[in-house]
Amino acid sequence: MSEVKASANSLMQARVAKGPRDPWAVLRWTLLAMGAIVMVMPIIYMLSASIKYPFEMYDLNIIPKEPTFENYTYVLSDGRFLRWFGNSFLIATLTTISAVFFDALVGYALCKFQFRGRTFVFIAILSTLMIPTEMLVIPWYLMSKTFGWLDSYWGIMFPGVMTAFGTFLMKQFFETVPDDFLEAARIDGLNEFQIWWSVALPLVTPALSALAIFVFLGNWTAFLWPLIVTNSQDLYTLPVGLTTFSVEQAVEWELIMTGAALATIPTLIVFLLFQRYIIRGVAMAGLKG
Amino acid sequence: MATVSLRNLTKAYGKTRVLHGLNLEIGDGEFVVFVGPSGCGKSTTLRMIAGLEEVSGGEISIGGQVVNHLEPKDRDIAMVFQNYAIYPHMTVRKNIGFGLRRAKMPKADKEKRIEEVGAMLSMTEYLDRKPAQLSGGQRQRVAIGRAMVRDPAVFLFDEPLSNLDAQLRSQMRLEIKKLHQRVNTTIIFVTHDQVEAMTMADRIVIMKDGHIQQVGTPAEVFHKPANIFVAQFIGAPSMNLLEGRAKGQGVEVAGRKIARATGVAEGAAVTVGIRPDDLLVTEEAGSFEGRITVLEPLGSETLAYVDIGGQEVVARADGRNPPALGAVVQLSVAPENLHLFGADGKAIR
Ligand SMILES: Nc1ncnc2c1ncn2[C@@H]1O[C@H](COP(=O)(O)OP(=O)(O)OP(=O)(O)O)[C@@H](O)[C@H]1O
Ligand SMILES: [Mg+2]
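Chains as they are written, first to last, in my numbering: chain X, 1077 to 1365; chain D, 223 to 571.
Mixed in with the good hints there might be a few duds.
As the list claims (entries may be wrong) - Heads up, simulated DSS-like pairs for lysine-lysine below, C-alpha to C-alpha not over 27 Å straight-line:
(1) D:K334 x D:K400
(2) D:K316 x X:K1188
(3) X:K1188 x D:K237
Keep in mind the hints are simulated off the structure, nothing from the lab.
The task is simple: from the sequences and hints, build the whole structure.
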């Protein structure tokens, strides 16, 4: 026990002693601290603003003089907010499931099957990565108009049901899955879909989780396309809806900040849910040690 | 259990031909080992039998039925891979039970079968572990268990022991052999290790460059190699090869007539093969005389590298009283232990 303490002490001393002697450490820590502040400040400000009364809004103090949860009660009892929250959640969840499913399916096929035109398909998918969303909204809009998808859930979702980036990511990850696994399963009598589902997919869970987080966040925060494709308030997603808090009468920043604070909760949950799968690298454990 | 036959089996990847017409009959319950240097087509052959590679030409039949166009799962085979390929996300029990997914039997019977296989491989206490918590040898046993559980007609092994350390390898070698004696299923085993081949096989198939060089029992390929390649490949240290020439009714090597040979054209080149084990360093006058250049003590015996007229040979000397380095010694070999090969490399009988 005392030994442990002693070593902990000497460790701390070593750290303290090392600090001033290493000028680079000062620079390193300063840069890191600045980075952290830049990242964290807006979040802290958002949380602080969400518990302020309007009169305090433009004071930059972080801890309000009169903290209140009224904003939360107001926002949560406003039917519109819950509706938008629900819309966003539904859309982000469905797109995530769909994108992860199809990206993994296509990525697997592109990686593990030999067929004519494989390289062409892969390059075609990759090349769409180079076109920014802002340029795609016009063809998307025209498409939605032609097919009658304007102002509908499907209209909001369809561009994201499969992603080029995810396909690329999954293809790269499937490269790390040795063919022996698939062949063993083939001999054991699984069909190709079962092999993909019950052998290949479990081996790339880290990639699946990363992709799921990525797609969910992308859709949860998407603004431009949902704004363009929707008309009726009932179909607004949360980011679109939150902006209308400001257009109605005056800008009600405290409500926007409260909404934004609430909006971070699902992303946190999704992240916490999936990140442990990312950390665990399972793919190689079944092979030679 | 089943017979396996290959008839004129060929394989080509595009224009590259890797197998050139293999013919082989494997008996029911036989343990056959394919052996050969890297790239000779052993894995390709095995994978074609398994149905993982398409057949370019010829026929494969298992149990009398041509299987060229059958899916792997319909061939009643099981395969163990070099790197085990057991599923890391499943427990040992699940891994072993995986092959039973399609079997139409009650769940309790499946459980019982898994337990049985687990016990047979002494893995009972590890059944609920994940592969990451097992040693290399245990993982390999799981892979074997997964293959066994279905009770297939043929087992296919592709270098299953090459990732294990030497000690574990010889232990697993023994276990696989015992397993074969117990279940008596036809086994086709691929390796590039001739010791593995010699110790385990009922019959050895020696391959080179997509051709079968010889098929025979371990004793046959050792004592009656069909050609120079087989003679050198089987046995360690490798067989000595000496260049000789047919003269009269015999063969002359380094100026001495050492063997009788009939039916060889006068003056034709003949290669004489002598296993180091058969070439003894003696006191009396022997077949050759030479100077010792290197000594390798192995305990019970000593290997002596001897220079005879410009050709180096390995001979066996006593372990207790080895000859001195640089000494000029006599080497003797019994005539029946000489192997003669013609200019085409084939054995002269
Ligand atoms: N997909 C492929 N395309 C082209 N050539 C191939 C392919 N697979 C194997 N080959 C060639 O076929 C030959 C036989 O390969 P194979 O894997 O059967 O060798 P092997 O005897 O198993 O060797 P090793 O002991 O190294 O495993 C090799 O020359 C190899 O280069
Ligand atoms: Mg091989």
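Hint check:
1. D:K334 x D:K400: 22 Å, holds
2. D:K316 x X:K1188: Given pair D:K316, X:K1188 holds - Cα atoms ~25 Å apart, limit 27 Å.
3. X:K1188 x D:K237: Measuring from Cα to Cα gives roughly 23 Å; hence the hint holds.
Violated hints are absent here; each numbered hint is respected by the structure.
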